[in-house]
Structures are given as structure tokens and as C-alpha cells.
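Asker: Now for the letters of each chain:
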Amino acid sequence: MFCEVCGKKEATVHLTEIINDKVTKLNLCEDCAKDKGTEMEEHFGLNDLLAGLADLGSTTEPELLEKVKCPSCGFTYQDFKKVGRLGCGDCYETFKKQLGTLLKRIHGADRHTGKIPLMVGKTVKDTRNLQDLKARMEKAIQTEDFEEAARLRDKVKEIEKKGKEPA
Amino acid sequence: MDYKDFINQDTEWLKGTGPSANIVMSSRVRLARNLDKVPFSNWADKGRLEDVLVAVKDAALSTGGLKNALFVRLKDLSEVDRLFLVERHLMSPEHAENVDYKAVVVDPKEIISVMINEEDHLRIQVLLSGSNLRECWKIADSLDTELSKKLAFAYSAKWGYLTACPTNTGTGLRGSVMLHLPALVFTGQIGKILQAIAKLGLNIRGLYGEGTDATGNIFQISNQVAMGITEEETIDNIERISNQVVSREDSTRKTILTKNKEALVDRISRALGTLKSAHIITSSETITLLSAIRLGVDLGIVKTMDRRTVNELFLLTQPAHLQELDGRPLNANERDVKRADLIRSKLK
Numbered sequence: 130m131f132c133e134v135c136g137k138k139e140a141t142v143h144l145t146e147i148i149n150d151k152v153t154k155l156n157l158c159e160d161c162a163k164d165k166g167t168e169m170e171e172h173f174g175l176n177d178l179l180a181g182l183a184d185l186g187s188t189t190e191p192e193l194l195e196k197v198k199c200p201s202c203g204f205t206y207q208d209f210k211k212v213g214r215l216g217c218g219d220c221y222e223t224f225k226k227q228l229g230t231l232l233k234r235i236h237g238a239d240r241h242t243g244k245i246p247l248m249v250g251k252t253v254k255d256t257r258n259l260q261d262l263k264a265r266m267e268k269a270i271q272t273e274d275f276e277e278a279a280r281l282r283d284k285v286k287e288i289e290k291k292g293k294e295p296a
Numbered sequence: 039m040d041y042k043d044f045i046n047q048d049t050e051w052l053k054g055t056g057p058s059a060n061i062v063m064s065s066r067v068r069l070a071r072n073l074d075k076v077p078f079s080n081w082a083d084k085g086r087l088e089d090v091l092v093a094v095k096d097a098a099l100s101t102g103g104l105k106n107a108l109f110v111r112l113k114d115l116s117e118v119d120r121l122f123l124v125e126r127h128l129m130s131p132e133h134a135e136n137v138d139y140k141a142v143v144v145d146p147k148e149i150i151s152v153m154i155n156e157e158d159h160l161r162i163q164v165l166l167s168g169s170n171l172r173e174c175w176k177i178a179d180s181l182d183t184e185l186s187k188k189l190a191f192a193y194s195a196k197w198g199y200l201t202a203c204p205t206n207t208g209t210g211l212r213g214s215v216m217l218h219l220p221a222l223v224f225t226g227q228i229g230k231i232l233q234a235i236a237k238l239g240l241n242i243r244g245l246y247g248e249g250t251d252a253t254g255n256i257f258q259i260s261n262q263v264a265m266g267i268t269e270e271e272t273i274d275n276i277e278r279i280s281n282q283v284v285s286r287e288d289s290t291r292k293t294i295l296t297k298n299k300e301a302l303v304d305r306i307s308r309a310l311g312t313l314k315s316a317h318i319i320t321s322s323e324t325i326t327l328l329s330a331i332r333l334g335v336d337l338g339i340v341k342t343m344d345r346r347t348v349n350e351l352f353l354l355t356q357p358a359h360l361q362e363l364d365g366r367p368l369n370a371n372e373r374d375v376k377r378a379d380l381i382r383s384k385l386k
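Top to bottom, those sequences are chains L and W.
227 is the number that our numbering gives to position 98 of the first sequence; each next residue is one higher, with no gaps.
254 is the number that our numbering gives to position 216 of the second sequence; each next residue is one higher, with no gaps.
Just to be clear, a hint being listed does not mean it is correct.
No more than 27 Å apart at the CA atoms, straight line, and that leaves these computed lysine-lysine pairs for DSS-like [unchecked claim]:
| # | chain 1 | residue 1 | chain 2 | residue 2 |
| --- | --- | --- | --- | --- |
| 1 | L | K225 | W | K53 |
| 2 | W | K237 | L | K284 |
| 3 | L | K263 | W | K84 |
| 4 | L | K226 | W | K147 |
| 5 | W | K105 | L | K196 |
| 6 | L | K211 | W | K147 |
| 7 | L | K211 | W | K196 |
| 8 | L | K198 | W | K75 |
| 9 | W | K42 | W | K75 |
| 10 | W | K105 | L | K225 |
| 11 | L | K198 | W | K196 |
| 12 | L | K233 | W | K105 |
| 13 | L | K268 | W | K237 |
| 14 | L | K210 | W | K196 |
| 15 | L | K196 | L | K233 |
| 16 | L | K233 | W | K188 |
| 17 | W | K75 | L | K210 |
| 18 | L | K210 | W | K147 |
| 19 | L | K233 | W | K75 |
Chain L side only, calculated, beta carbon under 8 Å to chain W, not exhaustive [what the hints assert, rightly or not]:
| # | residue |
| --- | --- |
| 20 | L155 |
| 21 | F204 |
| 22 | K211 |
| 23 | G213 |
| 24 | L262 |
What the hints contain is simulated information worked out from the structure, not anything from laboratory work.
The C-beta atom is built at its ideal place from N, Cα and C for all residues, glycine as well.
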């Protein structure tokens with residue numbers, strides 16, 4: 130299909146406008162679409178936005194990052210910036226520094242508080258419990274409730290010790 | 039049972055029953071899950087994709103809720119058949135593309151569906167009529183738990199369920215309600231409501247078309263974030279906001295009925311007149327007119343039809359449904375004629 134404006138190049142951008150229930154379809158080449166300017170904003174999709182968010186600029190070393198490949202699936206951070214999707218679950222560990230920042234930007238939080246699957250149930254619950262205790266301890270210190278802080282510290286120590294013992 | 043038989047049954051989400059069903063057309067919960075140690079669907083090679091497909095199929099069909107479910111490989115379906123499943127909201131439009139290693143599992147009542155190898159290995163979906171998000175979550179949650187006994191899901195203690203797109207990471211949950219808001223559109227209040235909802239971290243968009251011009255006055259509210267918030271909190275947020283919009287729509291309907299009844303009755307009657315007499319009608323005009331009829335039914339102005347019939351027409355007049363009914367492919371012009379025929383026969 131050729132562009133409906135210049136009629137020369139392949140139409141790769143397909144705009145659909147709905148005005149008062151009237152649907153107008155326009156097939157354009159990339160160049161003519163760019164000329165249409167404002168309408169292109171609607172064409173700007175999730176992938177572009179994610180890629181923009183994922184580009185962390187000065188906070189990372191791009192050359193170094195380009196060489197890092199996910200050991201499980203071979204995905205690079207550049208791949209992610211291109212498609213806005215990750216390669217596998219292990220990518221989260223491979224790119225944890227960059228993704229931590231990104232997830233916080235997307236969700237306003239970088240810690241899961243929801244459902245815990247059965248298989249991993251116990252260890253995750255312990256971890257979450259520990260995080261919770263540590264946060265409460267910090268708060269107790271801030272409010273100068275040292276008695277409570279000491280009590281929480283002992284509890285944290287106890288759980289950490291238990292975690293290190295062989296199962 | 040075959041998926042083709044769906045055309046003869048009322049899909050659950052269009053039954054027009056359940057809490058606030060006069061305004062809340064349907065509720066939906068979707069969970070994104072992936073198998074641990076397997077590349078996500080868009081990045082896995084053919085062999086892995088086939089493995090995922092078989093593993094998920096076996097696991098799903100052995101769960102209590104999906105024992106009698108249909109399993110359909112999308113490459114075995116024609117394009118119209120795939121669109122038919124999309125129109126019934128049993129799978130996403132994206133799932134109907136690049137179909138080689140994709141499949142869908144659907145329970146016979148069309149309440150639960152599991153898309154296999156969409157962007158994530160599993161997309162578990164539960165759809166109910168009316169304002170029923172909590173029940174949707176309950177069903178999805180227990181199916182997810184059952185599946186997790188057979189399949190190890192990609193999960194991190196810190197980040198929760200790991201998904202192909204970082205916008206779903208965490209709970210992997212997207213909850214949504216579909217609202218019919220003709221009175222808020224008619225009185226021009228919808229613009230402000232759209233803005234307010236966006237500020238509250240929720241998403242709102244037209245089901246057919248975008249922004250305030252949503253064809254058929256049907257809007258969908260859903261959550262935007264999936265991390266740092268529990269599933270119950272997410273459901274609760276959507277439900278609270280949705281309830282407020284519903285009560286606003288409700289009171290606006292009552293105001294119009296007392297202050298502007300003639301204009302309302304005029305609009306609804308004209309819509310009915312057009313639908314009863316048209317011989318050529320587009321999908322978009324149909325949806326606009328059916329929206330008016332649905333309002334008329336809800337307010338007791340149209341007495342010759344019930345909500346279920348209007349809902350049914352919303353679905354049967356869609357392109358793939360018309361072609362399934364006719365048993366052959368139809369071009370756009372032929373569909374416009376068939377659509378008008380069908381509506382006239384239903385409104386006799």
C-alpha cells in the first residue's frame with residue numbers, strides 16, 4: 130500500500146480518526162506522517178514511552194551496559210530499550226539496578242506487597258517480615274523509642290540467625 | 039461443545055445481571071503469569087513456545103474450574119473465528135496476531151479464559167456481568183493458586199510476579215469495569231470525571247473509540263499500577279471509584295428524567311425508530327443507537343425489550359459475529375445490510 134499523501138513511499142503509519150462517529154482512515158508513509166505533526170502524538174505508543182523512561186542517561190554507564198547480557202536468555206538492556214519488553218524472568222536480576230529505578234517510576238513503588246505463591250511461600254514471608262521489622266525499628270529510633278527499637282533489633286537478629294542455619 | 043456454539047449462548051458478561059447492572063455492564067480481572075526459567079513468549083524459540091503451550095494446557099485442563107473447558111489452538115482458526123473470540127472478550131486483539139504458538143482455554147460458560155503465549159505465558163482472565171470485581175478476583179486467585187501447584191511461576195520476593203512488560207510487574211493484576219455512562223456524556227460532565235480519575239492513578243478509556251467521544255458511551259476504568267499495592271487494595275480502589283461514578287450517572291439520569299424528559303424520550307424513540315427501519319447500518323451507528331435504547335430500557339421508557347436483548351445486539355452486530363451467523367465471509371457493505379436485517383428481526 131502506498132502513502133495517500135505523496136503516493137510514492139510505502140504506507141507504514143495508519144491513522145484512524147473518529148470524529149462524531151465518523152471514522153476516517155489515513156495511510157501514510159513515515160515522512161508524510163511526521164508532517165502531520167500533532168496527529169503523531171496519538172501514534173506514540175507504550176513502547177516509546179517505556180524506552181524513554183528506561184533511558185536512564187547519566188545514572189548508568191552505557192558502554193558497560195551494552196555488554197551485559199542476561200545469562201539465561203541473552204537479552205541486553207539495549208534490546209529492552211528497543212522493544213519495551215524483557216526477555217525472561219532472570220532479566221530482572223541481570224538488570225536489577227536499572228529496572229529498580231524504572232519500576233519505581235512506573236508504579237511509584239519498587240516492592241511487591243501482594244500475593245505470594247505457594248511454592249516460595251515460607252522464605253518470602255520471612256523476608257517480608259524481616260523488612261517490616263527493620264522499617265519499624267528505624268521508625269522507633271527516629272521517634273527515640275529506644276526500648277522498642279532494642280526489642281525489634283533482637284527479633285531481627287533472631288530471624289536472621291534462623292535464616293543462616295542449614296534447613 | 040465447540041467454540042462455534044458460543045454464538046447460540048448468552049456470554050456471561052452480557053447477561054445484564056449482577057449489582058448495578060444498569061450502569062456497570064461487566065467486571066474483569068486479568069492476571070499475568072510466566073513460567074520460571076523460560077524466556078517470555080516474544081523472546082522464546084519455537085521449541086520452548088510449544089513446551090509452554092503444552093505445559094499450560096495440561097495444567098489448566100486438570101484444574102477444577104477448567105475441567106470441561108475448551109482448548110483452541112489459534113492457528114487452527116480462521117481470521118474471522120479469531121476475531122469472533124476477540125469480540126466476545128475471550129482474548130485480546132493482540133492475541134489474534136502471529137498465532138503460531140498461541141492458544142486459548144475457555145470455560146463453557148465463558149467466565150474464565152486463559153490465553154497461552156500472549157505477551158506473557160499465561161493471561162488468566164475472569165469476566166462477570168455487573169459490578170462484580172471482587173468475585174472475579176476470587177475466581178482468578180483460586181485458579182492461579184491451583185495452577186501454581188503444577189507450574190512454577192517466575193517470581194521475585196522483592197518484585198513479585200515477573201512479567202514481559204514492567205508495567206505489569208508485581209501483582210500482574212489488571213482489574214477493570216465497563217460502565218455505560220450516557221447521562222454523564224449527555225450533560226457534558228464526563229470530561230471532568232475522566233480527568234479526575236486519571237489523577238487518582240486509574241485509567242479510563244472508551245471501549246469503542248477514545249476520550250470523551252467514546253462511541254456508545256461505554257467506558258472502561260482500570261488500575262494503572264501493579265506494585266506496592268495488594269490485589270485486594272487494587273480491586274477496592276477501582277470499586278470505590280467506579281461506585282462513585284455509578285451513583286453520579288444514576289443521579290444525573292434521574293435529573294434528566296425530571297427536568298428534560300421530552301428531549302430524552304425523543305432521542306430514545308428516534309434511536310428505536312432508526313434501528314427498526316434501517317436497511318443499511320454501520321457498526322458505529324448501531325452502537326450509538328443501542329446506547330440510547332439501553333438507557334431507555336434502564337429508565338423504563340422502552341418497554342418492549344429487556345436489557346439482555348440490547349446487550350445481545352451489542353455483540354451480535356459486531357463484524358465477526360455477523361459473519362459467523364451467516365456462515366460465510368462478508369465485506370463491509372454486505373455486513374451493513376446483514377446488520378440492519380438482524381436488528382429489524384430482533385426488534386419486531
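Asker: Against each hint, give a clear statement of whether it holds in the structure.
Answerer: Hint check results:
Note on K225 (chain L) and K53 (chain W): the hinted pairing is violated, with a Cα-Cα distance of about 46 Å set against a maximum of 27 Å. For the proposed pair K237 (chain W) and K284 (chain L), the alpha carbon gap of about 40 Å is over 27 Å, so the pair is violated. Restraint check for K263 (chain L) and K84 (chain W): not satisfied, since their Cα atoms lie roughly 46 Å apart, outside the 27 Å limit. Pair hint K226 (chain L) plus K147 (chain W) does not hold up; C-alpha atoms about 45 Å apart against a cutoff of 27 Å.
Between K105 (chain W) and K196 (chain L) the CA atoms are separated by roughly 47 Å; this puts the pair beyond 27 Å, and the hint is violated. Taking the CA atoms of K211 (chain L) and K147 (chain W), the gap is about 40 Å. The hint is violated against a cut of 27 Å. For a cut-off of 27 Å, the pair hint linking K211 (chain L) to K196 (chain W) stands: about 26 Å separates their Cα positions. With a C-alpha separation of about 15 Å, the suggested pairing of K198 (chain L) with K75 (chain W) holds against the 27 Å cut-off.
With a CA separation close to 36 Å, the supplied pair K42 (chain W) and K75 (chain W) exceeds the 27 Å bound. Straight-line distance between C-alpha atoms of K105 (chain W) and K225 (chain L) comes to about 39 Å, which puts the hinted pair past the 27 Å bound. Between K198 (chain L) and K196 (chain W) the CA atoms are separated by roughly 22 Å; this keeps the pair inside 27 Å, and the hint holds. Proposed proximity of K233 (chain L) and K105 (chain W) is contradicted: the alpha carbons are some 40 Å apart, above 27 Å.
In summary, the hint linking K268 (chain L) to K237 (chain W) is not supported, as the alpha carbons are separated by about 30 Å, beyond the 27 Å threshold. Between K210 (chain L) and K196 (chain W) the CA atoms are separated by roughly 23 Å; this keeps the pair inside 27 Å, and the hint holds. Of the supplied pair hints, the one linking K196 (chain L) and K233 (chain L) holds, its CA atoms being roughly 24 Å apart against a limit of 27 Å. Of the pairs offered as hints, the one joining K233 (chain L) and K188 (chain W) is violated, with about 32 Å between alpha carbons and a cut-off of 27 Å exceeded.
Pair hint K75 (chain W) plus K210 (chain L) holds up; C-alpha atoms about 22 Å apart against a cutoff of 27 Å. Of the pairs offered as hints, the one joining K210 (chain L) and K147 (chain W) is violated, with about 41 Å between alpha carbons and a cut-off of 27 Å exceeded. The hinted pair formed by K233 (chain L) and K75 (chain W) meets the criterion: a straight-line CA distance of about 24 Å does not exceed 27 Å. The beta carbon of L155 (chain L) comes no nearer than 16 Å to any beta carbon in chain W, farther than 8 Å, and the hint placing it at the interface is violated.
For F204 (chain L), the interface hint holds, the least distance from its beta-carbon to any beta-carbon of chain W being 7 Å, beneath 8 Å. The interface hint given for K211 (chain L) is violated, since its Cβ lies 12 Å from the closest Cβ of chain W, which is over the 8 Å cut-off. The interface hint given for G213 (chain L) holds, since its Cβ lies 7 Å from the closest Cβ of chain W, which is under the 8 Å cut-off. The beta carbon of L262 (chain L) is not positioned within 8 Å of any beta carbon in chain W (closest approach about 15 Å), and the interface hint is therefore violated.
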